[in-house]
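Enquirer: Using the sequences provided together with the hints, build the complete structure.
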Amino acid sequence: MLEFAAPLLALADILALADNLALADNAPWVLAGCVVSCALYARGWRAIRARGRASRERFCGWRCVAFFAAWLVMLVALASPLDREAERALAAHMVQHLLLTMIVPPLFWLASPAMPCLFGLPRALRLEVVGPIIAAPAVRTLLRIATNPIVGWIAMALVTLGWHVPAIYQLALREPAWHRVEHASMLAAGLLFWLPVVEPFPYRRRWPRLAMVPYLVAADFSNTIVAAYLAFSGAIAYRWYADIGAARGIDALQDQHLAAGIMWVPGSIIYLLPAMAITATRFLAKGSFGVRAPQQPRELSLPVLQRAPARETPRDLLRIPVIGALLRQPRVRLGLRLAMLALAALIAIDGIVGPQDAPMNLAGTLPWTHWRGFAVVAILAVANAACMACPLIAPRSVLRRWITPTRTWPAALRSKWIAGALIVAWLVAYEAFDLWSSPWATAFILIGFVVAATAVDLLFEGASFCRFVCPIGQYQMLLSTVAPREVRALDADVCARCETHDCLKGRPSTVANTPTLPGCGLGLFVPKKDGNLDCTFCLDCVSACPHENIGIVAVVPGASLARAAWSSGIGTLANRFDIGVLATIFTTGAIANAAGMSAPIVQILDEIATARAISPALLQGSFVVVAMLGGALLLASAAVAVQDAPFIQRFNRIALASIPLGASVWLVHFGFHFITGWPTGEAAIRRVLHDLALSSDAPDRILSCCVVPPNWLVPAEFLALSLGLAAALGVLWWSIDAMLRRRDGARTSSSKTTSTTTPARVTIAWIAPAIALIALWSMMAWVVLQPMEMRGTSGFGS
Amino acid sequence: MNAQRGQRIVRRADRVFMHARALAFMLACMLALEAVMSAASLADGGIVVWTGERMGARAAVIIAPAAPSVGEVEFAWIGAWKAGALVHAQHLDGLAIEGVLAPAPIGSEVRCSLALTKVGHWDITIDPDGNGDAQAARFPLEVSDPPARWTTLWPAMFAWIALVAIGLTAAWRKTTRRDS
Chain U
284 MLEFAAPLLA LADILALADN LALADNAPWV LAGCVVSCAL YARGWRAIRA RGRASRERFC
344 GWRCVAFFAA WLVMLVALAS PLDREAERAL AAHMVQHLLL TMIVPPLFWL ASPAMPCLFG
404 LPRALRLEVV GPIIAAPAVR TLLRIATNPI VGWIAMALVT LGWHVPAIYQ LALREPAWHR
464 VEHASMLAAG LLFWLPVVEP FPYRRRWPRL AMVPYLVAAD FSNTIVAAYL AFSGAIAYRW
524 YADIGAARGI DALQDQHLAA GIMWVPGSII YLLPAMAITA TRFLAKGSFG VRAPQQPREL
584 SLPVLQRAPA RETPRDLLRI PVIGALLRQP RVRLGLRLAM LALAALIAID GIVGPQDAPM
644 NLAGTLPWTH WRGFAVVAIL AVANAACMAC PLIAPRSVLR RWITPTRTWP AALRSKWIAG
704 ALIVAWLVAY EAFDLWSSPW ATAFILIGFV VAATAVDLLF EGASFCRFVC PIGQYQMLLS
764 TVAPREVRAL DADVCARCET HDCLKGRPST VANTPTLPGC GLGLFVPKKD GNLDCTFCLD
824 CVSACPHENI GIVAVVPGAS LARAAWSSGI GTLANRFDIG VLATIFTTGA IANAAGMSAP
884 IVQILDEIAT ARAISPALLQ GSFVVVAMLG GALLLASAAV AVQDAPFIQR FNRIALASIP
944 LGASVWLVHF GFHFITGWPT GEAAIRRVLH DLALSSDAPD RILSCCVVPP NWLVPAEFLA
1004 LSLGLAAALG VLWWSIDAML RRRDGARTSS SKTTSTTTPA RVTIAWIAPA IALIALWSMM
1064 AWVVLQPMEM RGTSGFGS
Chain E
695 MNAQRGQRIV RRADRVFMHA RALAFMLACM LALEAVMSAA SLADGGIVVW TGERMGARAA
755 VIIAPAAPSV GEVEFAWIGA WKAGALVHAQ HLDGLAIEGV LAPAPIGSEV RCSLALTKVG
815 HWDITIDPDG NGDAQAARFP LEVSDPPARW TTLWPAMFAW IALVAIGLTA AWRKTTRRDS
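Sequences listed follow chains U and E, in order. To convert, take the position in the first sequence, counting from 1, and add 283; that gives the working numbering. To convert, take the position in the second sequence, counting from 1, and add 694; that gives the working numbering.
Keep in mind the hints are simulated off the structure, nothing from the lab. It is possible that part of the hints are untrue.
As the list claims (entries may be wrong) - Every beta carbon over 12 Å from chain E, so not counted as near; a handful from chain U, in silico:
#1 Pro597
#2 Leu629
#3 Cys778
#4 Gly904
#5 Thr1040
Unchecked claim - Listed next, with one range per pair, are the computed distances between beta-carbon atoms:
#6 Glu340/U to Gln701/E: 21 to 27 Å
#7 Arg326/U to Arg702/E: 22 to 28 Å
#8 Arg336/U to Phe852/E: 43 to 49 Å
By construction, the Cβ of each residue, glycine as well, lies at the ideal position given by its N, Cα and C atoms.
Expert: Encoded structure:
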């Protein structure tokens, strides 16, 4: 078991080391940009090369190398000791500027990054967001102006001359924000300047190629002016270096002369080499005299932005070697659930017989800190992996070999009301009774869930517990509506020809002495299903399909929420009031749950409880209910403001649109616990091993509730919230568009009038509910800025 | 048939080799990045607040941020120093904070961050040899109220405005094209 904890310890050490090294403020962000950008390029580059020989020739290997090299040089310039040295020596600063303006941009353009980076984007993002924006006349005009060589030349001259004016230069040294502006402007000017020189595909040539010679030589003049000023000036240009240079034993004037030399000699060479190369290519190439330059494309055209037919077979997660093959096996999936059940049993036993200090008990740490954080990340990054590995349904999967349920779930209870009520009860109990701080309570909740799930599913057919009762399952399924993958039919035509519908009904196994392959226990018919709602990713449908036509494929996260259309097993989502209420509970509950751990709320509740002699448990529980009701009222009032559809439909659409925001709040909340509370798992595991006499080491971090939040955590939380709110507002816009079009469709078919749904109308109808969602976001933003109070665990403030 | 199969196997092996090569290249790049990153240093900016001669050599003190406010303030000593070098900060009302200067990942600099918790006038003393007042450098420091926390977080906090603007533009364009 200690080996199991070793990676956690190693991770802790790495994080602590990173914190101690105190990386440059911008370093993690530069690195993140580098990783995302390189991954996009590599993905797109590979995809383009797969399109044929011409593409392979155009995007040959050295272009990829150039892209990586550009990023490497950028990291050396911005996130290496050079960045630090640049503040102490002018020569180092000059090298940094040289890299940003003269090395990174040409390398970047040599990689012809437009097509690969666009191709690397998810298809939906490329075609639905980037495509329409780039095609907009205003954007095209802007691009046309920005890519004019004159603009690039002026920009380069301005940054070269402007940033070397002593007052401006010293301002950048003094204020990090201005320093970043300086570097960004240098990089931007460099990119604009080098674009017509390198002419990356699909750049359209504006000037004759030979015009680039005076263009480059003239640019060298501004470079020479600054270099000459620094070289021949008898005085120190920048006072900052005079003070520091003296203390470091460096002659500041010599440093200035060295900087001038770097700027003058290598700088001029970088300008003049391409000028010479262009001249040589033009005049020395065989037969080039009098021959016109090759025809350039008249329009800036990016074929990747044009709508191409969808791929015949979508990329399926279940076709990934090894993992896909394993996941397709029912026994492997059952094994996964049984392993999780064994872990749950271990946690429950420790919860009952172990010490009742939550941070020292498996039941006080693993389910609350680690599992919740892991589950939310896994669901939002891939799909509903949490339900797939659910230990609660493991006993039923085994026992159903001998016990076949015959009853069907009562028609009156076939809704989400029970699950919704249980989620509210769960949130209230969590706050009122501090469930996370009681290993004993946690153990009995776990046992209760397993018993309830087994009893319900042995009495009633299908997966009635998951579909109608399980509050955890409903929470996870709502989260997975914004997941990037969905269980879907790979080829609609195969499903159209299928007459057996085994994915729904199940079928006998073709292997002797093996149990029947069940169909979807939640009543979802795969070809008619839209979105992840009610899908537990049990993958029974995958095993049951005789055509191997079901997979886990990429979808646009949240698109099914915007459509709110008819789906198998659910009906029309926009008309399901119970699901609308469930979505409201999901979002408002997330905010209430997070607010309950913020110090000001805890303090106010404690003060009220003391002053009015009210039970703190009652007060905390009431706070959750009141906060959720407040949020629900906000969404309902926004629904009143929108017209053109029945109230229930309007409310449901707004509530469904709030799910991405709710998901980001859960991510922020559980992610915070996961990151700051991960050592508790190690302490609890050490304690268990020590108690079992498997290790002589007693836990050395007793009651280690939390590590200090790293500096990047709060900005990352706000970024997650920003993404959540932006996604929610986007879903809302498309949902209102769908609602108005549906109404228009009904009107036009009856009265032969034309549709009145315009983007402007949609946007006007969007404003009121958008304000409601922004109000919910602002509440969560306030919570994130507050110090956190971890009641029930060891002391941790802010 | 066998020849075809052989060719297919060679093609597959080629593809695997190409992917392995690309992966190795990416890994090498990432390792290089890691090496570069691990040597990177603290936040930049600041202002020279003191220069003079101590321990027989020129010395300077840089503090960051340039306009200190309540919270962490970094003191960097550039010049000669000995182990045990200290920075001592005393507020007008008597509150005193002390820290040990430690080598910084640049040149021979030493630095220390102190959490200055009060607004107002502080007297700072940097003792580069840790032997008391003889070699100490003294200078005053005015510490202002801390800036509102959102002022440092606004790019992440309001990133949604840019995202919504982009999304709205795209949606508008898409629906306009669809309707026309």
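Enquirer: Take the hints in turn and mark each one as holding or not.
Expert: Hints, one by one, checked against the model:
{"no.": "1", "hint": "Pro597", "verdict": "holds (21 Å)"}
{"no.": "2", "hint": "Leu629", "verdict": "holds (36 Å)"}
{"no.": "3", "hint": "Cys778", "verdict": "holds (27 Å)"}
{"no.": "4", "hint": "Gly904", "verdict": "holds (31 Å)"}
{"no.": "5", "hint": "Thr1040", "verdict": "violated (8 Å)"}
{"no.": "6", "hint": "Glu340/U to Gln701/E: 21 to 27 Å", "verdict": "holds (22 Å)"}
{"no.": "7", "hint": "Arg326/U to Arg702/E: 22 to 28 Å", "verdict": "holds (25 Å)"}
{"no.": "8", "hint": "Arg336/U to Phe852/E: 43 to 49 Å", "verdict": "holds (47 Å)"}
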